[in-house]
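S.K.: Now for the letters of each chain:
Number of protein chains: 4
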Amino acid sequence: MRSYRLEGSGGTECLVMRDAAQPEPKPHEIVVRVRATSLNRRDTMILNGTYPLPPRHGVVPLSDGAGDIVAIGDTVTRLAVGDRVTGSYFARWIDGRINAGLIDQLGCTLDGMLTEYAVLDEQWAARLPDHLDWHEAATLTCAGLTAWNAVTSTGIPKPGQWVLVIGSGGVSLFALQFAKLLGCCVVAVTSRGEKADRLRALGADLVISTSDIPQWGATVRDQTGGIDLVVETGGPATFAQSLIASTLYGHIVLLTLQDAQGGPIQLPAALYQRSLVTISRLFVGNRTNLEAMMRAGSQHRLRPVIDKVFAFSEAGDAYRYFQQGDVFGKVVIDGA
Amino acid sequence: MRSYRLEGSGGTECLVMRDAAQPEPKPHEIVVRVRATSLNRRDTMILNGTYPLPPRHGVVPLSDGAGDIVAIGDTVTRLAVGDRVTGSYFARWIDGRINAGLIDQLGCTLDGMLTEYAVLDEQWAARLPDHLDWHEAATLTCAGLTAWNAVTSTGIPKPGQWVLVIGSGGVSLFALQFAKLLGCCVVAVTSRGEKADRLRALGADLVISTSDIPQWGATVRDQTGGIDLVVETGGPATFAQSLIASTLYGHIVLLTLQDAQGGPIQLPAALYQRSLVTISRLFVGNRTNLEAMMRAGSQHRLRPVIDKVFAFSEAGDAYRYFQQGDVFGKVVIDGA
Amino acid sequence: MRSYRLEGSGGTECLVMRDAAQPEPKPHEIVVRVRATSLNRRDTMILNGTYPLPPRHGVVPLSDGAGDIVAIGDTVTRLAVGDRVTGSYFARWIDGRINAGLIDQLGCTLDGMLTEYAVLDEQWAARLPDHLDWHEAATLTCAGLTAWNAVTSTGIPKPGQWVLVIGSGGVSLFALQFAKLLGCCVVAVTSRGEKADRLRALGADLVISTSDIPQWGATVRDQTGGIDLVVETGGPATFAQSLIASTLYGHIVLLTLQDAQGGPIQLPAALYQRSLVTISRLFVGNRTNLEAMMRAGSQHRLRPVIDKVFAFSEAGDAYRYFQQGDVFGKVVIDGA
Amino acid sequence: MRSYRLEGSGGTECLVMRDAAQPEPKPHEIVVRVRATSLNRRDTMILNGTYPLPPRHGVVPLSDGAGDIVAIGDTVTRLAVGDRVTGSYFARWIDGRINAGLIDQLGCTLDGMLTEYAVLDEQWAARLPDHLDWHEAATLTCAGLTAWNAVTSTGIPKPGQWVLVIGSGGVSLFALQFAKLLGCCVVAVTSRGEKADRLRALGADLVISTSDIPQWGATVRDQTGGIDLVVETGGPATFAQSLIASTLYGHIVLLTLQDAQGGPIQLPAALYQRSLVTISRLFVGNRTNLEAMMRAGSQHRLRPVIDKVFAFSEAGDAYRYFQQGDVFGKVVIDGA
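Note that the protein sequences, when read in sequence, are chains C, E, H and B.
Per numbering that gives the first Met the number 0, residue 0 is the first one in the first sequence, and the count goes up by one each step.
Per numbering that gives the first Met the number 0, residue 0 is the first one in the second sequence, and the count goes up by one each step.
Per numbering that gives the first Met the number 0, residue 0 is the first one in the third sequence, and the count goes up by one each step.
Per numbering that gives the first Met the number 0, residue 0 is the first one in the fourth sequence, and the count goes up by one each step.
No lab work stands behind these hints, which were simulated from the structure alone.
Hints are supplied without guarantee of correctness; some may be wrong.
[Unchecked claim] FRET-style restraints, in silico, Cβ to Cβ: (1) Arg300(C) - Ala269(E): 31 to 41 Å; (2) Ser297(H) - Arg96(E): 31 to 41 Å; (3) Arg96(B) - Leu52(E): 43 to 53 Å; (4) Arg300(C) - Ser190(E): 43 to 53 Å.
[What the hints assert, rightly or not] In the DSBU-like style, the derived pairs of lysine-lysine whose C-alpha atoms are separated by at most 35 Å in a straight line are: (5) Lys25(H) - Lys25(C); (6) Lys307(H) - Lys194(H); (7) Lys25(B) - Lys25(E); (8) Lys25(E) - Lys194(E); (9) Lys307(B) - Lys194(B); (10) Lys194(C) - Lys307(C).
C-beta: ideal position from N, C-alpha, C; glycine also.
Chain C with its partners taken away, still in its complex shape (with noise of 0.2 Å):
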């Protein structure tokens, strides 16, 4: 079989196809043929050594893939040949909080998905749910739960109340995404006028053009009457705009901490001073988080937005067009 390993952490050229044998499972293991498997900013941070997790050394990169169960060991119960499933992102969190001896991830500290087979502890998996294709049911582990527990991990804003997205990248699509299904109302902004009406067409019931609004913080506030959670994405350049966005009693998700320069963000006194918003951050989410966010896209049918998909032996592509930036949903990798 066929398998992708980061060998150093000096871009693509580090990413190197390998082959090997066929996996057999230990007793706790299940074997996965990987069907499909997307990029998260944090495979590129990996990929270019800026994460702050370092990787293992000829590890299988990518925590997001999906696949089916071709095989499993003999003490696996949790699940079955011919299941459909996805890795859990933190493989050993399964409920409650992160703590030191549950941080390893997949495609980072442990073996990842872009391969032909993956092998995977049986508990470090999930089903999937049955309406989604290879592609889309690939997108789900890492931006998918990242998003799903920026809307509803800590006071879930209530229907009539505004979410604040920034860009159309994958958290923030599926951030516009199930803050529909909470019943929110969402503010999309871009920079990138062009993607307005497909940000309509996914629900956004405001969209604002950075470039024809570049201070658009005090626009937000008076259009919606002030946002109630925003998943901030943006980081040094919007954290202003979406506090000056934000009602009395906001909530900002912190996702991203720094601009391409490392620069940080600052919290405006004077503004903050008049604010009571509340700042938090997140790590992706347990498995009991990824089964949980599974229920809701299967009861809602929910389709995660795809941009573009690359083959299995164009991996380095892939990386290198989703690290230009401009893509509207998730850049999946088909599986080998």
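Please build the complex by placing chains E, H and B on the supplied structure of chain C, with the hints as guidance.
M.R.: Relative to chain C, chains E, H and B alone:
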């Protein structure tokens, strides 16, 4: 102008219509031309002398009503002539928690809405969504807000989770509608199977007829994986089944506490022993809740369900019709 | 080595002592030289066949015990030889929520602590505070953790708020002690007025003797302004008084669900109609809770209250003494 | 009677004493003979024109003051002549959330307490604990309530968890005292090591001198296992160290947003990347919070810490002394 007054608590003969001069607002008051009102169980309890809060003699009955403002006092700033408004159940309770100083209720200790012109403090009313007609607008104050708070006031259920409602009274249908706004799945339990289609049309994902399945708890649990939130309007007749239907960490909002004979709810020990279900109560809600509910209703153009409309002169018939109990949604009385 | 085994469920004659070879730890296991154990009501229910979770035939009884580690398996890293430890009630439940896969209990479906040497997975134990002697250290697992979670798991009461405890069993005395750590005021209700001084010595601000004031609810409410949290261990005999004693937004943690005759709790309709009290349940707790409790106990050098200590050979007497019910704190059995 | 008035915002020369007739209460008002007042940073900001909420010209300054009621209006029922009271900071904010209609503040947009007789709406005051003398009683309104809400308003830390306070101003010392009431451990960080003994005497479990350890974050984390709640009054000078000191799921209540030069807080990206710390803000609190704090203070006979007392005629000196910044507790001004 004409008003009904409650003179005693011996049933509908205590409901008498009186004439009075057109009211003049004091500085903080508004005068509302009432266009429609609606009935709640508490109104029949007040009429029959079984309501926990003793009504004032001669009070204008009914908490629920909608109309347009025809006059305002000199210091009124929140509202203007021409505004379409409804009253707030606990008129003095604006936000936060209720306390003994805030318990006055429209249609009980304060004059209510079954009148041609209602006089309210400007703090006791809230603006209505534009999309509702007068009949619909007259149904929100008590049943609507009770249902809204039942599904949003503590631990909002997430999309994909299950909410259970019992019967087809005002609170239950509103709860069904609001639960769908939250992205939840809904089970409706009804003693009258012929209502199943109408419940499904409102969004119920599963309808259980208690004549088909009297012990429906286990069936519901099997078919849903367990209910996350029960809006318990059935009382002793349904509580045990609600508990059986609930998921381990479920939540039961208890709105009915006794059966027609006054018999109490029992907590079945063997069942509850294996359960972590939380039981909570609520008192309708405050004005801030009411405004949040109307914002959600407005955004989703939610339309309350009306069972039947009576003329102002037939208010007694409306009470009698409502008391027989077999309704599907709200019983409305036209304005004078 | 000597262990008690539970062979059947017909009372203390099913409790038999057996000899066995000194255990060898598997790679993930630890061997604990048990220095003391203690009894909880669930242990008598297990003995008498009335516990909801059926015990394994021949199981070593008792969840609560403390000892020092004398051997560890090859892969053990959390703990070391010489560590003083106690077991965790739901051994597999580490953090977050419990589920069907995590319900195994020490002394019921898993071998417990009434043995010379206990063999535990390294994940099933936690380190003890230094200041406790073995008798005290053997009392934390079940009653201690139940009480800790009753006062800290949802809506921690604030300093100056009131907590009510009932009787002088292990859970009640721990709840009294923990409530004082939180800065709360405590009412202790007891059927035996002669215990009042000891309850006051533990920190009770108010002691009510039910022989003096059988209907104590209103008295407690008048003297405290209303109880914010009731740790309800009295069941049907006390529930109505607990509800009367509670403040409008109070909280009752319901730990006892039936009386000696199996009669259930009734929710008194007229009382609960005027109340917003939340009723909740709990299942002891997970290992993370246990560690948090021991951290608090260590910081405050909290000393569990011990009623009486029995020799290992007199375990049956200990069970019989415990079952008669008139205790003040924990009944302890010395190590073998 | 004599009152100070604020005539302009150019520092202490704008603080002028005026004579006026003894006030008569309107029907809803009370007249308080002010016995002592105290200073908060907001008072110097108001004096210097840097406070976000513009003061009314000629306003009586200071939110914090205590006195006894000498006259009441005809409709007053909450309070009586002779009651010892203090004012509520946001006078109109009784419970729940603040909003634009509730922002009036004593000593800013409403006449405050630096006067011989203060006239307050009966809703704007709350009864004092008996055990406090007038100097102590005058310190609660702003700093006391801010500290109380910092430690109790969201996610109350549990006994055994760690709270960190910075400096020895009023808020920090109250936070230290309240955190000890909650059963928490407390780290006090101070730039003046000579205050260590006094901080320990108030209950600090660990005192860190920033002159000894300028980068104290890692030291604190190592010695405590991580801080669960930081009461962040240090601003840009300390924020990064507070973040380093925090445990993974910690909480920082941000009370100071800029340094003396107006420089803002930066969120250090590399640190915050590895953290799930929540950052929140608060605005002092409402009257319900104030009453809860005073109930706790009364129960525990908590005594506020007073740095220095000035005569009424030396109010300007008090302001100047307070502004120099090196205080240990509250700066108090005697009544006229």
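S.K.: Look at each hint and say if it fits the structure.
M.R.: Against the structure, the hints come out as follows:
Roughly 39 Å separates the CB atoms of Arg300(C) and Ala269(E), a value that falls within the hinted 31 to 41 Å. In this structure, Ser297(H) and Arg96(E) meet the distance hint of 31 to 41 Å, their C-beta atoms being roughly 36 Å apart. At roughly 26 Å, the beta-carbon separation of Arg96(B) and Leu52(E) lies outside the given 43 to 53 Å, and the hint is violated. Take Arg300(C) and Ser190(E): their Cβ atoms lie about 32 Å apart, and the range 43 to 53 Å is violated.
The suggested pairing of Lys25(H) with Lys25(C) holds, with an alpha-carbon distance near 19 Å, which does not exceed 35 Å. Of the supplied pair hints, the one linking Lys307(H) and Lys194(H) holds, its CA atoms being roughly 15 Å apart against a limit of 35 Å. The straight-line distance between the Cα atoms of Lys25(B) and Lys25(E) is roughly 19 Å, inside the 35 Å bound, and the hint therefore holds. Between Lys25(E) and Lys194(E) the alpha-carbon distance is near 48 Å, which puts this suggested pair outside the 35 Å criterion.
Our distance criterion of 35 Å between C-alpha atoms is met by Lys307(B) and Lys194(B), whose separation comes to about 16 Å. For the hint pairing Lys194(C) with Lys307(C), the CA-to-CA distance comes to about 15 Å; that is within 35 Å, so the pair holds.
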